[in-house]
Amino acid sequence: MRTHPFRIGVVIAAAFVASIGAQITVPSTPPPQTRAGGSITAKAPSGPTPRKPNGQPDLTGVWLRRAGIVNIEQLLPKGETLPFRPETLKRMSQLKSQDDPQLKCLPVATPRSEPYPFRIVETPTHIFIVMEAVHGYRQVFMDGRKHPTGEDLQLSWQGHSIGHWEGNTLVVDTVGFNDLTWFDNWGHIHSDKMHVVERFTRVDLGHLNASMLVDDPGAYSRPFTLNYTAELMPNAELMEYICDNEQDAPNIDAPADAAIDAEKLLKQGNSR
Amino acid sequence: MRYQPFRIGGAIALLLLLSSTLDAHHSFSAQYDSSKPVEMRGTVTKVEWTNPHARVYIDVRDDKGQTANWNFEMASPNILVRNGWKQNTVKIGDQITVSGYLARRGDHMAIAGAVADATGKPIFDSNPDIAR
Chain A
1 MRTHPFRIGV VIAAAFVASI GAQITVPSTP PPQTRAGGSI TAKAPSGPTP
51 RKPNGQPDLT GVWLRRAGIV NIEQLLPKGE TLPFRPETLK RMSQLKSQDD
101 PQLKCLPVAT PRSEPYPFRI VETPTHIFIV MEAVHGYRQV FMDGRKHPTG
151 EDLQLSWQGH SIGHWEGNTL VVDTVGFNDL TWFDNWGHIH SDKMHVVERF
201 TRVDLGHLNA SMLVDDPGAY SRPFTLNYTA ELMPNAELME YICDNEQDAP
251 NIDAPADAAI DAEKLLKQGN SR
Chain B
1 MRYQPFRIGG AIALLLLLSS TLDAHHSFSA QYDSSKPVEM RGTVTKVEWT
51 NPHARVYIDV RDDKGQTANW NFEMASPNIL VRNGWKQNTV KIGDQITVSG
101 YLARRGDHMA IAGAVADATG KPIFDSNPDI AR
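First to last, the protein sequences are chains A and B.
For the first sequence, our numbering begins at 1 and goes up steadily by one.
For the second sequence, our numbering begins at 1 and goes up steadily by one.
The set of hints was computed from the structure by calculation and includes no laboratory data.
A quick note: this is a predicted structure, and the numbers were derived from the prediction, not measured.
Take the hints with a grain of salt, since some may be wrong.
[What the hints assert, rightly or not] Mimicking DSS-like on lysine-lysine, the simulated pairs with C-alpha atoms at most 30 angstroms apart in a straight line are: (1) A:Lys-104 - B:Lys-46; (2) B:Lys-64 - B:Lys-86; (3) A:Lys-104 - B:Lys-121; (4) B:Lys-36 - A:Lys-264.
[What the hints assert, rightly or not] Chain B regions said to be covered by chain A (calculated; three or more residues, Cβ under 8 angstroms): (5) 61–68; (6) 112–123.
C-beta: ideal position from N, C-alpha, C; glycine also.
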């Protein structure tokens, strides 16, 4: 029988699709039906750290950071305060609560978080951090590239992130932030010289320990480290968050909390 | 206008709830006045299932028989859903009672905390874990 080349192509394609299908892990039973988005009060599950076939920890999952949302100083080691430069205090003292970029539905960027979960997705070349808040995402290049330099480094909301593994810890190095975001609802700010090194360690099934080393000579007199633990949200999915009905900013006229702090520190002549 | 102070315990619980829920998005004290708690009963005229906040509008009749439409800010739909609400938990035409705080600015605006149906049964539980 004469085998048509087209048929051979179809057979090869079918075999290829079948082999891919065999590699995709599909749960044998569907996940339990829960209310959309999961529960914010559900306890993080316990168990050992999941690992990829190459032995590295598998960071994939839907995570929630609960701490340091209102005021990021809560993530500093006990007794530490943010080391503002004098010009940062002056700039901060002018801020109004209604100036918060996030209030106006602009992106949430490192080191800020909102009380909404994020999903970590790992591929061989990239790690994506998909944030529910304001439909944001970060892409971390895992292919060994370096940061662009000079004019090639374009300032952006999320910056330019490259990552690598150090043992069980994912290290993400980010530069190229614009200076338009706040650290928190309080009104702590930064400059476009900010450089952040994050270290993520999945210590067990339900907990992701993270530290953020923030070095911003344009706004702070020394580097500082922020620490938090994110919890895995069991059976949770990200929900849509389109910010299309903002009515708060036009109805607020008050100094930012950080502006009140800055005013006090300036009076005391204390730039930390 | 028909808004009355309600029980102090409830007011404190509500304030804690609202502070933790809303501070993530904006400062509670910058927008709402914790010294002006309100409780209003009225008919739902509109529900906006939107971010950053869901909003429930109710027609409220005052002691003189005048009706005004009030705009009550809620948590975000995402936070409400994760705490057991559904998109149609409150519908146009429903009679509800809302407890909350008056806005410092903005005409007929307030923040909603506890919400009860026409029989007084709570349909929104002041769960302090709502936001974190």
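Checked against the structure, which of the hints given earlier come out wrong? 2, 3, 5, 6
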